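The task is simple: from the sequences and hints, build the whole structure.
There are 2 protein chains.
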Amino acid sequence: MTITIIGVGLIGGSLAISLREQKIATTIIGVDNNEANLVRAKELGLIDTSMPLEEAFAQSQLVILAIPVDGVLRLLPQLLDKATKQVIMDVGSTKEKILELVKDHPNRGRYVAAHPMAGTEYSGPDAAIPNLFLHKTMVLCDVKHSDEDAVEIAEDLVDKLQMRLVYMNAEEHDLHTAYVSHISHITSFALALTVLQKEREAGRIFELASGGFESTVRLAKSSPDMWVPIFKHNRNNVLDVLDEHIHQLQSMKALLENEDYDSFYKAIQRANKIKKILK
Amino acid sequence: MTITIIGVGLIGGSLAISLREQKIATTIIGVDNNEANLVRAKELGLIDTSMPLEEAFAQSQLVILAIPVDGVLRLLPQLLDKATKQVIMDVGSTKEKILELVKDHPNRGRYVAAHPMAGTEYSGPDAAIPNLFLHKTMVLCDVKHSDEDAVEIAEDLVDKLQMRLVYMNAEEHDLHTAYVSHISHITSFALALTVLQKEREAGRIFELASGGFESTVRLAKSSPDMWVPIFKHNRNNVLDVLDEHIHQLQSMKALLENEDYDSFYKAIQRANKIKKILK
Chain A
634 MTITIIGVGL IGGSLAISLR EQKIATTIIG VDNNEANLVR AKELGLIDTS
684 MPLEEAFAQS QLVILAIPVD GVLRLLPQLL DKATKQVIMD VGSTKEKILE
734 LVKDHPNRGR YVAAHPMAGT EYSGPDAAIP NLFLHKTMVL CDVKHSDEDA
784 VEIAEDLVDK LQMRLVYMNA EEHDLHTAYV SHISHITSFA LALTVLQKER
834 EAGRIFELAS GGFESTVRLA KSSPDMWVPI FKHNRNNVLD VLDEHIHQLQ
884 SMKALLENED YDSFYKAIQR ANKIKKILK
Chain B
634 MTITIIGVGL IGGSLAISLR EQKIATTIIG VDNNEANLVR AKELGLIDTS
684 MPLEEAFAQS QLVILAIPVD GVLRLLPQLL DKATKQVIMD VGSTKEKILE
734 LVKDHPNRGR YVAAHPMAGT EYSGPDAAIP NLFLHKTMVL CDVKHSDEDA
784 VEIAEDLVDK LQMRLVYMNA EEHDLHTAYV SHISHITSFA LALTVLQKER
834 EAGRIFELAS GGFESTVRLA KSSPDMWVPI FKHNRNNVLD VLDEHIHQLQ
884 SMKALLENED YDSFYKAIQR ANKIKKILK
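Protein sequences appear in the order of chains A and B.
Throughout the first sequence, residue numbering follows the working numbering, covering 634 to 912 in sequence.
Throughout the second sequence, residue numbering follows the working numbering, covering 634 to 912 in sequence.
Misleading hints may appear alongside valid ones.
Pairs involving identical chains hold if they fit within one copy or between any two copies, as the list cannot separate such chains.
[Unchecked claim] Straight line, CA to CA, 30 Å or less: simulated DSS-like cross-link-like pairs of lysine-lysine:
no. : residue 1 : residue 2
1   : K908      : K769
2   : K854      : K899
3   : K730      : K886
4   : K769      : K656
5   : K730      : K899
6   : K899      : K865
7   : K736      : K675
8   : K899      : K736
9   : K886      : K908
10  : K909      : K854
11  : K656      : K736
12  : K906      : K718
13  : K777      : K854
14  : K718      : K675
15  : K675      : K908
16  : K899      : K886
17  : K675      : K909
18  : K865      : K736
19  : K886      : K906
20  : K769      : K854
21  : K899      : K656
22  : K886      : K715
23  : K675      : K886
24  : K908      : K854
25  : K777      : K886
Note that these hints are calculated values from the structure, not bench results.
As the structure is a prediction and not an experimental result, all values here were calculated from the model.
What follows is the structure in structure tokens.
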């Protein structure tokens with residue numbers, strides 16, 4: 634099958650590697666508004682060729698949008714306008730606004746809303762890696778509004794990429810990702826800013842940084858081009874979880890201020906229950 | 634050299650492995666108030682033998698305290714009372730209170746205050762691993778108050794373990810670790826509590842958890858036995874950094890509330906500067 638990938642960065646490029654490896658794609662066409670990314674994607678062998686969107690779209694059975702969610706919002710309606718037999722998937726991190734936008738489109742059925750729970754803090758075609766999606770979770774949202782054959786193509790892709798498939802509605806998806814993905818990025822950005830700020834007065838501060846620090850701060854390397862649109866789309870959920878997180882930090886601070894170490898101990902014990910989730 | 638390790642958990646056990654491997658230790662004696670840990674440490678081959686502290690101390694050239702910092706505070710003065718030629722090191726995560734406590738002890742010179750910037754979120758002898766310290770940073774604090782031969786033994790150990798050596802005073806150490814280690818643990822505990830709390834109303838929330846979440850939350854598995862004494866010892870610094878971190882989160886929240894996405898973008902760009910620190 635000929636597949637067009639719009640956005641040949643970390644996610645689009647890694648998808649290209651896996652789609653080729655799993656023999657889902659016979660030809661991969663890259664589309665990107667950054668010409669340098671297309672050149673690099675070809676050099677890296679991620680895509681076979683590149684061409685203008687319209688042309689690529691006409692030749693493809695599957696078109697995957699792997700661009701920031703504000704880009705999906707802009708492009709998806711135009712693609713649906715032109716869709717005949719093509720299946721269009723996105724892989725964006727928010728879903729409610731996108732699905733709301735196209736819900737009454739006459740070709741809505743050609744679209745499958747997808748979100749692979751995989752990524753790294755890097756971006757661009759050079760960040761593309763094999764096996765990024767292996768054994769990770771793929772969320773398909775509101776599939777009841779997608780055509781049967783479109784869902785089958787998406788499910789087959791999930792299956793061949795050896796991903797775990799989860800069905801969800803968009804509302805649930807955006808709530809859950811706020812809690813297990815979006816907030817992690819905000820805390821990481823805030824922690825980086827906290828420490829970078831302090832570095833100005835205490836220059837040697839990073840000399841002692843080790844694995845624990847790196848672990849909690851690595852997401853702060855993530856691209857604002859990707860993340861600002863996510864926070865914008867999922868603003869209400871992100872504000873809710875941010876409120877709760879600030880509240881938890883303030884509670885821990887109060888315990889420390891009051892030197893209530895017994896309660897602090899118990900709070901850590903409650904937090905330790907995260908062991909049941911993480912290996 | 635015969636070395637006694639007090640506390641045969643993650644750090645003490647991992648030290649035992651490396652001290653033996655690097656032929657620094659000929660015999661390793663384990664001391665632990667948890668008998669099961671001693672049995673397990675022997676089974677795992679971490680220690681050669683175990684015996685009561687007094688007996689072990691008398692036979693050793695080097696005694697390493699690898700227990701929570703409140704334990705160091707309790708034991709160190711007693712060990713110094715008995716010290717003749719022994720060198721006593723601790724590997725605790727805070728230094729000011731400990732050094733303050735023993736500063737006028739007649740045998741103060743036998744003690745070297747050390748802190749290896751290495752660890753994992755696990756604890757106990759089964760968490761001990763080879764190479765935990767390889768290429769990590771070891772901080773030695775206020776070495777000018779330690780005897781020359783004691784510092785030499787500590788430096789030789791750092792060298793043979795292939796660690797990077799940093800000298801600091803205790804005040805600097807406690808400030809810096811608050812920023813690059815202690816706060817990471819607090820944000821992780823608070824994030825775990827935030828999400829665990831939400832799970833009660835939205836059961837499937839962890840289905841979508843992936844690498845980013847795991848990265849920011851893994852420290853929340855850390856033991857309260859180790860961490861409450863650290864927060865207690867380093868309370869003022871931890872409160873300062875916690876204040877600043879909450880302030881950063883509140884600023885990001887305000888930008889989102891005001892839908893000031895340009896400033897939000899710039900804040901993320903500033904946070905991205907953490908790239909210069911992390912590989």
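Structure-based check of all given hints:
Proximity of K908 and K769 under a CA criterion of 30 Å is satisfied in both settings, with 19 Å inside one chain copy and 26 Å between copies. Taking the shortest Cα distances, K854 and K899 sit within 30 Å of each other only across copies (13 Å), while inside one copy they are farther apart (33 Å). Taking identical chains as interchangeable, the C-alpha atoms of K730 and K886 lie at most 30 Å apart only when they sit on different chains, with a minimum of 21 Å there against 36 Å within one chain. Taking identical chains as interchangeable, the C-alpha atoms of K769 and K656 lie at most 30 Å apart only when both belong to the same chain, with a minimum of 19 Å there against 43 Å between chains.
Taking identical chains as interchangeable, the C-alpha atoms of K730 and K899 lie at most 30 Å apart only when they sit on different chains, with a minimum of 24 Å there against 40 Å within one chain. In this assembly of identical chains, the alpha carbons of K899 and K865 lie at most 30 Å apart only when taken from different copies (14 Å versus 36 Å within one copy). Within a single copy, K736 and K675 get their C-alpha atoms no closer than 35 Å, and across copies no closer than 65 Å, so neither meets the 30 Å cut-off. Taking identical chains as interchangeable, the C-alpha atoms of K899 and K736 are never at most 30 Å apart, the minima being 47 Å within one chain and 33 Å between chains.
In this assembly of identical chains, K886 and K908 lie within 30 Å of each other by CA distance both inside one copy and across copies; the values are 23 Å within and 29 Å between. In this homomeric assembly, K909 and K854 come within 30 Å of each other (Cα to Cα) both inside a single copy, at 28 Å, and across copies, at 10 Å. Taking the shortest alpha-carbon separations for K656 and K736, neither the intra-copy value of 32 Å nor the inter-copy value of 69 Å comes in at or below 30 Å. In this assembly of identical chains, K906 and K718 lie within 30 Å of each other by CA distance neither inside one copy nor across copies; the values are 48 Å within and 45 Å between.
When the C-alpha separation of K777 and K854 is checked against a cutoff of 30 Å, the pair qualifies neither within a copy, at 37 Å, nor between copies, at 39 Å. In this homomeric assembly, K718 and K675 come within 30 Å of each other (Cα to Cα) only inside a single copy, at 27 Å, whereas the closest approach across copies is 68 Å. Taking the shortest alpha-carbon separations for K675 and K908, only the inter-copy value of 27 Å comes in at or below 30 Å, while the best intra-copy value is 43 Å. For a Cα distance limit of 30 Å, the shortest separation of K899 from K886 qualifies both inside one copy, at 14 Å, and across copies, at 28 Å.
Proximity of K675 to K909 under the C-alpha cut-off of 30 Å is restricted to the inter-copy arrangement: shortest distance 29 Å between copies versus 43 Å within a copy. For the homomeric pair K865 and K736, the shortest alpha-carbon distance inside one copy (20 Å) is at most 30 Å, but the shortest distance between copies (55 Å) is not. Taking CA atoms no more than 30 Å apart as the test, K886 paired with K906 passes in both settings, with 20 Å inside one copy and 27 Å between copies. In the homo-oligomer, the alpha carbons of K769 and K854 lie at most 30 Å apart both inside one protomer (22 Å) and across protomers (22 Å), since each shortest distance falls under that limit.
Taking the closest pair of Cα atoms, K899 and K656 never come within 30 Å of each other, the shortest separation being 52 Å inside a single copy and 41 Å across copies. For the homomeric pair K886 and K715, neither the shortest alpha-carbon distance inside one copy (56 Å) nor that between copies (39 Å) is at most 30 Å. For the identical chains of this complex, K675 and K886 are neighbours neither inside a copy (52 Å) nor across copies (40 Å), given an alpha-carbon limit of 30 Å. With identical chains, the CA atoms of K908 and K854 are at most 30 Å apart both within one copy (26 Å) and between copies (6 Å).
Taking identical chains as interchangeable, the C-alpha atoms of K777 and K886 are never at most 30 Å apart, the minima being 46 Å within one chain and 35 Å between chains.
When each numbered hint is compared with the structure, violations occur for hints 7, 8, 11, 12, 13, 21, 22, 23, 25.
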